[in-house]
Structures are given as structure tokens and as C-alpha cells.
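Now for the letters of each chain:
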Amino acid sequence: KQEVTQIPAALSVPEGENLVLNCSFTDSAIYNLQWFRQDPGKGLTSLLLIQSSQREQTSGRLNASLDKSSGRSTLYIAASQPGDSATYLCAVNFRGGSQGNLIFGKGTKLSVKP
Amino acid sequence: NAGVTQTPKFRILKIGQSMTLQCTQDMNHNYMYWYRQDPGMGLKLIYYSVGAGITDKGEVPNGYNVSRSTTEDFPLRLELAAPSQTSVYFCASSTTGTYNEQFFGPGTRLTVL
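The listed protein sequences derive, respectively, from chains P and C.
Each residue of the first sequence is one higher than the one before, starting from 1 at the first, in the working numbering.
Each residue of the second sequence is one higher than the one before, starting from 1001 at the first, in the working numbering.
It should be emphasised that the hints constitute simulated quantities derived from the structure, not laboratory data.
A couple of the hints might just be wrong.
[As the list claims (entries may be wrong)] Lysine-lysine pairs mimicking BS3-like chemistry, simulated, CA-CA at most 25 Å apart:
1. P/42 / P/109
2. C/1044 / P/109
3. P/42 / C/1044
4. C/1057 / P/1
5. P/106 / C/1044
[Unchecked claim] Derived DEER-like restraints, expressed as beta-carbon distance ranges:
6. P/46 / C/1008: 21 to 31 Å
7. P/13 / C/1027: 28 to 38 Å
8. C/1084 / P/61: 38 to 48 Å
9. P/61 / C/1063: 40 to 50 Å
10. C/1101 / P/55: 15 to 25 Å
11. C/1113 / P/61: 41 to 51 Å
12. P/2 / C/1101: 15 to 25 Å
13. P/11 / C/1039: 18 to 28 Å
14. C/1109 / P/63: 26 to 36 Å
15. P/114 / C/1079: 45 to 55 Å
16. C/1050 / P/2: 14 to 24 Å
17. P/45 / C/1022: 20 to 30 Å
The structure presented is a predicted model; accordingly, all values stated were derived computationally and were not measured.
Just so you know, even glycine gets a beta-carbon here, dropped at the ideal spot from N, CA and C.
Chain P with its partners taken away, still in its complex shape (with noise of 0.2 Å):
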């Protein structure tokens, strides 16, 4: 089964910090994978898309990276700050399913305290 997994569930860290979020699928076999970012009672932001033949890809303070070999991803923040609290959506094109249906994970709650 096509499955993404986002670890952890939430994270609280102190301002400046720069912090890791971590994203892990089932299934090597993907058309690309997309960062949201989602605010309390919000709609989805993308932050970052990287198709299956990228390594990474950088958005400002924000660089995801991508290894379909072993199934993962990370969403590097640099120099946290409070606006960045939000909850992180990580959600995967999978080759071979419903065209275009994103697998979500359950995401990564942030905090980023001042």
C-alpha cells in the first residue's frame, strides 16, 4: 500500500534554530513530491515541489531534499521564526495510482517559540 509517513508529529523549538522535518514513503516509484504548509483553520500553501529526478530543491530560508532510493525527504527550515508555526503537510505523486492523487501524511505540527 502507498503510504507516507511524517515523524515527528509535532516539534516545538526556541526561535533562530534551524530544524529538520522529516517525510518517508512506501514507494520508490513516484511522479514528484510536494512541502505544504497549512495554518490553523487554512487552506494548503505549496512551499516546495521536487519532481523524481531532483535531488532538491530551495525556497529562501526553505530547502527539501529528496531521496527516492531509500524513500525519504526532509524540509530543512534555517533560522526558525515564530510566523514559521504551522502545521507541515508533506504528500507524494505516486507512480501507477489516481492521476495526480497526492498521498498525504499526517503531518508535523511546528512551533517556533520567541
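Let chain P serve as the given structure and place chain C on it in line with the hints.
Just chain C, lined up with the frame of chain P:
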């Protein structure tokens, strides 16, 4: 450019009532999707469409219907609401189903009592 918009934002239904959740995108995307998000769970695909007039079931389609008469609109219909359909519903769109980013709407929070 509004992106993906959804109405209503909130709704309370009684068991057995019907309603339509509206979704519109202005990015000229071919692919559109409906997901539901239950508390503490990942989003799950309900239905998707690869273009006007073409729809298909996702992982959890029971109790829902969709139609796609235009590129811009992809409404989701609940015919006989049940408490199990209490959830947050998200609409999304993308250029293709394989290599492109999906963009999400703000969601509709539905409670069935």
C-alpha cells in the same frame, strides 16, 4: 488572479440534507481535485477531473457526486448527508496530473448533525 476559490467557508447540515460545494479556478488548469481532511488524518482524494466532461473516482467517493461542465468549475455534491461526512473539504487544481504543482483552495468546513 484569485487562484482556487471555494464556497461556502462553513456549513452545518442536518442528516439527510443535500448540498453542493462550489469550486472555481482561474488558472486555466485542466486537472481539478476534491480532497477531504478529517481531524488528525491526512487528506484523501474523493474525486478528480482531467478536463471538462471527464471525472473519475478517487479513494473515498462514496456519498459524493461531481460534474465538470467547464474548465473553471468543479462542484461537489452531497446527496444524503451523514455524520461521517463531517470534514473539511479542499478543492485543488493543477496543469497536469503528473509533474505539476497542485494549488489548493481555502477549504469548506462541513458539519453534519
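* **Broken hints, by number** => none
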